[in-house]
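Chains as they are written, first to last, in full-length UniProt numbering: chain A, 1 to 275; chain B, 1 to 390.
Careful, some of the hints might be misleading.
Facing chain B, from chain A, some residues (calculated, C-beta under 10 angstroms) [stated by the list, open to error]:
1. Tyr39
2. Leu41
3. Leu89
4. Lys106
5. Glu170
6. Ala210
Please keep in mind that the hints were generated in silico from the structure rather than gathered at the bench. Heads up, the beta-carbon is just placed ideally off N, CA and C, and yes, glycines get one too.
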Amino acid sequence: MVAFHLKTTALALAFAAGMATQGMAAEPTLDLVGPLSEYKLYVAENTAQLVTDTEAFVAAIKAGDVEKAKSLFAPTRMSYERIEPIAELFSDLDGAIDARADDYEKAEADEAFTGFHRIEYALWVESSTDPVQGYADQLLTDVKALDARINELTFPPEVVVGGAAALMEEVAATKISGEEDRYSRTDLWDFDANFAGSEKIYDLLKPLIAEKDPAFVTKTDANFKAVDDVLAKYRKDGGYVSYVELTDADRTVLSTRVNTLAEDLSTLRGMLGLN
Amino acid sequence: MSDPASNRHLYWAVAAAACLAVAGGAAFYYATLKNAEAARGQTADRTVTITATACEPMELSVPGGRRSFEIINASDRPIEWEILDGVMVLAERENIAPGFRAGLTVQLQPGSYQMACGLLSNPRGTLIVTPSDEAAQAASEVTLRKFLGPLSEYRVYLVMQGNAALKSAQDLRAAIASGDVAAAQTAWAAARLPWRHIQPLAYRFSDLEGRIDARATYLAGREEDPAFTGYHRLEYGLFARNSTEGLLPVADQLVTDLEILKTRLREAPLDPQLLISLPVDTVDRIAQGQITEGENIYAGNDLADLQASVEGVAKLVGLLRAVVAPVDPRLDERIGARLAQVQADIDALKQGGGFPPYATVPADRRAALATDMTGLGAALGALQDVIGMN
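Could you build all of it, start to finish, from the sequences and the hints given here?
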């Protein structure tokens, strides 16, 4: 009886203590300036790369080279997927660049369906570059606009810190299902980029949280490694095999770890006083 | 084997445990209640239901401040709910599965916003945020958090312009090494620009600044003084003597110094106080020094340098205005007007799209520019009392 009470008490006290820490918001410190600015430099490198890669991708489409365009599709997207927390702040460009067919009433037939996935549909399903000549030009204009807008943007600290979890949630909620690159089955490239983008934010913040919560760091490091170990099995020729080759067992491992990462990383904002 | 002392200890231990159990139980009960309340979403200020075609309701009005929303996905596909300010996403709750509900809490300032309602092809809803004491209080509060974005952005600027300064000095060195005076003159003028951008902070590293930007006027041996190094020593060789002779070691040293500077800029700790004082110090220094006497006395391209300095100051001013605008809109406007006046003065000196030699700028125009620059400094000086943090 006493033992039972002691256990309950310990649990309740731990719970109450947890509530108290959450209620008493930590104040952010100047230590965040380093990680926040390093993150913008990382994003700037990626948008510059996105412009360069998109130029080559669009050139292949303009030249009517379906095979070359197919080979450039997945690698070109990676620099976009790495920086999605920031890129999707611009709703107009995000919609134009990266929307899925089912974001629109008429799906693939909808004229507002543009960008990477409309082109993906042309390359893999329609097997032609003809229907997307205009969309290709528009894509290049849009990524250049994105690059310019991001360079001008003062990054909101809470978006940067929250971005680590946002990327994981995105993978967990929509990407594991294979929704994103449904025509090309290049989903694993996007996973890699989303993980890299999330891990970049986490790595930059790690020195700030290592002292406060070493157990969190140990656990999160292990989860990132587990995800990477699964992905490593599917790497091929500097890229990834088709998403259909992912085994159910590995999909389950990925799903579990990604959900845990999403949940754990979502506490970063609170830990750093940015709720 | 009964030890009365240890029995007494046991008694107190049990009594204490019992007290803890009661307190703990109460805490647990309270926590469970709170949790259940949050789970039912009863604490949300507004509920929005997303159907296949729209938000319900399509128009919402809330008082400004920290507001919570509960979003119910009544459509048959995963959705995200966004509050949009123009094209910018102000806040969003992503990946809400069909049939599920999710919460979003956001700090809102008065204004009219849009709400994303499911499909991109669906019409957008309207969110009206009305003025409130809470919002006014949040806007006028000066916190460290409000400086984090601006400080980080300035650090990015320093890193990028520091890199550009190094790169352009390497180009200048290459032109000097090739012995091409005309190319080296062009490269010299170009190399000055990123240097002027970072000068507000670089100026504070006096050892480096002394080597990088030394001027003969302030040295005992003038142009022959061994301490005459850096940009102006190169300027003297290229423009006064029209030669690259003897300049290569000077260029090498400049490249080395800019490499060191690049690292120092990256490592320099930034804080609100520094951010506020840098543009004031910079414009005051320029108003009292360069504008009257000129600095690039051999090349005579002071106006291009001044333009670059104004750009570097404008970067800082833009970041500070974002902090001060909600706190003191009139000061924000005054700073904006003063900066625009300085920029207009410089633009007005252009001839045929370019800047004339500084020697041709008459004294009254220089005086006017110095006055306006001082005026900008005075407006910026008022920031300390409004958003200063010590």
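Now the hints, each set against the structure:
Of the supplied interface hints, the one on Tyr39 of chain A holds, with its beta-carbon coming within about 8 angstroms of a beta-carbon of chain B, less than 10 angstroms. Interface restraint check: Leu41 of chain A against chain B, minimum CB-CB distance 6 angstroms, threshold 10 angstroms, status holds. This hint holds: Leu89 of chain A has a C-beta 5 angstroms from the nearest C-beta of chain B, less than the 10 angstroms allowed. Taken as an interface hint, Lys106 of chain A checks out: its beta carbon lies about 8 angstroms from the nearest beta carbon of chain B, inside 10 angstroms.
Hint on Glu170 of chain A holds. Least Cβ distance to chain B is approximately 7 angstroms, under the 10 angstroms limit. A hinted interface residue such as Ala210 of chain A counts as satisfied when its beta carbon comes closer than 10 angstroms to some beta carbon of chain B; here the least separation is about 20 angstroms, so the hint is violated.
Violated hint for the displayed structure: number 6, the only one.
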